[in-house]
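First residue of the sequence shown: 31, per my numbering; consecutive thereafter.
What the hints contain is simulated information worked out from the structure, not anything from laboratory work.
In this text, all values refer to a predicted model and were calculated from it rather than measured experimentally.
Treat the hints with care, since some could be wrong.
[What the hints assert, rightly or not] Derived DEER-like restraints, expressed as beta-carbon distance ranges:
id, residue 1, residue 2, range
1, 77, 51, 40 to 46 Å
2, 44, 96, 19 to 25 Å
3, 102, 71, 20 to 26 Å
4, 52, 78, 35 to 41 Å
5, 43, 65, 15 to 21 Å
6, 60, 91, 18 to 24 Å
7, 90, 110, 27 to 33 Å
8, 73, 43, 27 to 33 Å
9, 77, 107, 35 to 41 Å
Even glycine gets a Cβ: it sits at the ideal position worked out from N, Cα and C.
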Amino acid sequence: MRLHVPVLLGLCGLLVVANAYEPRVYGELAVVAWLAVWTGAWRWASGANAGERAPGWIGLVDRTAGVGIGVAFVLGALLWLR
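Sequences are here, hints too, so could you generate the full structure?
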């Protein structure tokens, strides 16, 4: 399931319109993100085929999303703590 892009866009949108310090803001996104994590863990544990990578730009996003999100998080934290 390719849900990291909608979750990241939703998080950015919520940070613009909501108070970032309220945990209630992240409730809906946590459910969507947890669905993707649970499905991936279930497929990995059961040995099922994870599926093919998508061609084109979405395949590139699939391969680099984890690193990109991690780098964005670290840079955002560094700029915020500055």
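Structure-inconsistent hints, enumerated in ascending order: none
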